[in-house]
Structures are given as structure tokens and as C-alpha cells.
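Chain A is fixed; fit chain B onto it per the hints.
2 protein chains.
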Amino acid sequence: MVFKKVSRIKIPEATIRRLSLYDRCLEELQRSGKRIVSSSDIARKCGTNPAQIRKDFAYFGEFGVRGVGYYVENLQKDIKRALGIDRSWNCALVGAGNLGFALLGTDSLAKRGFKISAIFERDPILVEMGSFQDIPLFGMDDMQRVVSEFGIKIGIIAVSPENALKVAHSLIDAGVKGILNFTPTTIKVPPGAILKNVDFAIDLEGIAFQMSSD
Amino acid sequence: MVFKKVSRIKIPEATIRRLSLYDRCLEELQRSGKRIVSSSDIARKCGTNPAQIRKDFAYFGEFGVRGVGYYVENLQKDIKRALGIDRSWNCALVGAGNLGFALLGTDSLAKRGFKISAIFERDPILVEMGSFQDIPLFGMDDMQRVVSEFGIKIGIIAVSPENALKVAHSLIDAGVKGILNFTPTTIKVPPGAILKNVDFAIDLEGIAFQMSSD
Chain A
1 MVFKKVSRIK IPEATIRRLS LYDRCLEELQ RSGKRIVSSS DIARKCGTNP
51 AQIRKDFAYF GEFGVRGVGY YVENLQKDIK RALGIDRSWN CALVGAGNLG
101 FALLGTDSLA KRGFKISAIF ERDPILVEMG SFQDIPLFGM DDMQRVVSEF
151 GIKIGIIAVS PENALKVAHS LIDAGVKGIL NFTPTTIKVP PGAILKNVDF
201 AIDLEGIAFQ MSSD
Chain B
1 MVFKKVSRIK IPEATIRRLS LYDRCLEELQ RSGKRIVSSS DIARKCGTNP
51 AQIRKDFAYF GEFGVRGVGY YVENLQKDIK RALGIDRSWN CALVGAGNLG
101 FALLGTDSLA KRGFKISAIF ERDPILVEMG SFQDIPLFGM DDMQRVVSEF
151 GIKIGIIAVS PENALKVAHS LIDAGVKGIL NFTPTTIKVP PGAILKNVDF
201 AIDLEGIAFQ MSSD
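Chains A and B supply the protein sequences, listed in that same order. Residue 1 is where the first sequence starts when you use the numbering used here, and the numbers rise one by one after that. Residue 1 is where the second sequence starts when you use the numbering used here, and the numbers rise one by one after that.
Next up, chain A with everything else stripped away, as it sits in the complex (with noise of 0.2 angstroms):
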């Protein structure tokens, strides 16, 4: 298969979730001896529909050998090279404090792909610590030198909320491009740079409306 983003067309977020829930259900797949699936199994498996599942493979171009299905492995890594982690992402933690350390305590993020090199934290007496489960704690004054000697792309801001803004210009200041954002805080990158914003509330808004309507 050829599973490359077509140019010039904007993919929609929802496509890009949706392709890693799907990698998620054929994770589960593999794990339960399927070794080629229809896109009516990853459907079933991942709440969706076929239709849909080949629509947003579509955006990216030749789909699998029609009658025969996928193979779970090449789709797997097909959509993990489209979302771009076929690699792995240097990522540093902002804050060591109790969403930090909620964090660094699972292994989920290291599994797809996202290692966290470095903590910076602007508390001295934790800092004084130098690392925190192998992985090296900062001050706030070392960003610029160790997000470049590091090769940190991507930013965490886990600290209080009036201190989130300026983090995340520091970190862009370093030369930090992608930012996921824990805190309420509203806060506006520079073109080029990417945003995500974590909002638990909008999960349980999701779980609101549906017992809502029930």
C-alpha cells in the first residue's frame, strides 16, 4: 500500500484522531493473532464504520488490495508514518508537580513514541534533585541550552496556570515547536509552531451530552 499524505489537501483533525484510535484497535488486533483485518473489523473494533475508516484513508492515497483486506502490520506502520511517529519525539517536561509526576509515572507516552529527555522546574530544592527517574531536572535557565543540546522538539506545560504563558515563550524562545498545553491558560504561538490544549472537561462534557440525550 501506498499510505502517503496526499498535498495540498487540508486533513481534518477528526481524521488525524480517528487514524490514531485505528492504530490503537489494530494494536489490539495483532495482539489477538489477526494478521489481516477488512475495514469493517477495525470498524467494529474501534466503534466507527467502514465507510468512514476508508474515507480518512483515503487523504492519504492508495488503499489495501481490494478483496483481500489489510495487513495489519504494514497499516500499522503506514499510519504511524503518517502521523509522523515512525520516529521518536525529545520531548521536556514543564513543571514537576503532581500532573508531572502523574506523567512520568506511565509508560503510555514512551510507548508511542514520545521520550521525555528532560524536566525543568523553577522549585531549586527539586531542581537541587538533578534527575527524577534517570530522566535529568533543569532550572528554568538552562532551557535554551538543553532544548538544543537535547534536540527537544515538542514542550509539556504542566505548571500552575499563571505561569503557563510564559513557559510556553520560553520554549518557543529555545526553539521548541510543537507545545501540548495542560493548563487553562490561553496561549498563542507564533506561525510555524503547533498548540494542543488538554481540556479534561471536554471528555466530560462528551459524557454529559450522551446521558443528557439518552
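Calculated from the structure, these hints are not laboratory results. One or more of the hints may lead you astray.
The list makes no distinction among identical chains, and a pair is therefore deemed to hold if it is satisfied within one copy or across any two copies.
[As the list claims (entries may be wrong)] Result set (EDC-like, lysine to aspartate or glutamate): computed pairs, CA atoms no more than 16 angstroms apart in a straight line:
id	residue 1	residue 2
1	Lys111	Asp203
2	Lys153	Asp203
3	Lys111	Glu28
4	Lys188	Asp173
5	Lys34	Asp141
6	Lys77	Glu28
7	Lys115	Asp203
8	Lys177	Asp203
9	Lys34	Asp134
10	Lys188	Glu28
11	Lys77	Glu27
12	Lys188	Glu149
13	Lys115	Asp86
Chain B alone, transformed into the frame defined by chain A:
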């Protein structure tokens, strides 16, 4: 405006997510003193396009007055009603670990109408504290009684992955209909119950995608 769910039509999940975003943008527009907005105003603020907004709103019936725009306050009320967050939802947090404390440390859930009314924890030493930030702490054995007494509708699972399935079953058995799962554990819920998984890696994958395709 009549902003009600048009029955029988399945509303896409992406539309629901966008409604949550529109609501946040309207909040900011209102704070900046705007009383009437066009779909272009909302689109600019949210980074989408007016046609998408009108399409999303169309799922819920009638529109604002043509040529005049939307009254921010009314539109927000209508969106909140559509999402089912024109009321408050009693939630229970299960797991008083780093992530749990991070969730308790932010007011962004409460601001959106999701009130954590009880915390369940299996560590008896923590449970003995009795409460945290005035929210009562209970052992797992108290779940059935507390869910019913407190009118808990939504359970937030922030335990270790190996305990997530058991916790989900206990919540469902106790009568909880909505579950927000922060663990990577795959949970299946019976018909009538609603589950959403929080997966931070999906947002990172969205960033990786954009950074790869630039």
C-alpha cells in the same frame, strides 16, 4: 433561538467536541465585552470556519437572527443546554494518586459543572485522612452506598492500570452511568453506560503529525 437536539439524527462526536470549544471561545468573547457575534467572529476565535459552525449548530435546530448574529449570552446558554452542562454533575474520583491530586488541584472541572463530591481510594492510610480539600474520602467498599447517597453520576478512574477494570465494574454495579478512564486499560461498559478514555498521546500525535507534514 431554538437550540434543541434534532432527534433521530446521530450527532457526530466531533461536533460535540466543537460545541465545547465554541462555548469556551464565547466565554472569552464575552469577557472581552462582546454582546453580539457573527459565526465569522466565533470561527476566527476558534480557528475554524463559519460554514463548519453553522453546520454544527444546524444539528440543534434553528439559527440566530440572520444578518444580526448571535447574542453571546443566549448562544452560550443554548450550547450549555445542548451539551447537558446547564446543570451540575456529581462526580467521584477513584484513586488519590498524583493524577487524582492534579485533578483536585484545578478548578477547571468545577467551573464547567463537574463537581467532585467524593474520592475513593484503596490505601487505608489515605482513607483515614477522612477528606481532602473538604471532599470526603472513602474506601472502595463504601462505593455502592456513597454513589447512591451522593447521587454520583460520573466516575473518574485515576487508579493504576491493573486495577482499572475492577474499579469500572464496581462503579457500574453501584449505578454510575458515565466513566472517564485515565488509564490505558481497555474497558467495556454495558449498553446504557458511557465510557470515554483520556489518552494524552493522541494530542501529542496530532502535534507530531503537523510537525512532520510542515
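Hints, verified against the model:
no. : hint               : in the structure
1   : Lys111 with Asp203 : between (23 angstroms within a copy, 14 angstroms between copies)
2   : Lys153 with Asp203 : between (27 angstroms within a copy, 15 angstroms between copies)
3   : Lys111 with Glu28  : within (14 angstroms within a copy, 36 angstroms between copies)
4   : Lys188 with Asp173 : within (13 angstroms within a copy, 44 angstroms between copies)
5   : Lys34 with Asp141  : neither (50 angstroms within a copy, 39 angstroms between copies)
6   : Lys77 with Glu28   : within (14 angstroms within a copy, 41 angstroms between copies)
7   : Lys115 with Asp203 : between (25 angstroms within a copy, 14 angstroms between copies)
8   : Lys177 with Asp203 : between (26 angstroms within a copy, 14 angstroms between copies)
9   : Lys34 with Asp134  : neither (37 angstroms within a copy, 50 angstroms between copies)
10  : Lys188 with Glu28  : between (37 angstroms within a copy, 14 angstroms between copies)
11  : Lys77 with Glu27   : within (11 angstroms within a copy, 41 angstroms between copies)
12  : Lys188 with Glu149 : neither (26 angstroms within a copy, 44 angstroms between copies)
13  : Lys115 with Asp86  : within (13 angstroms within a copy, 40 angstroms between copies)
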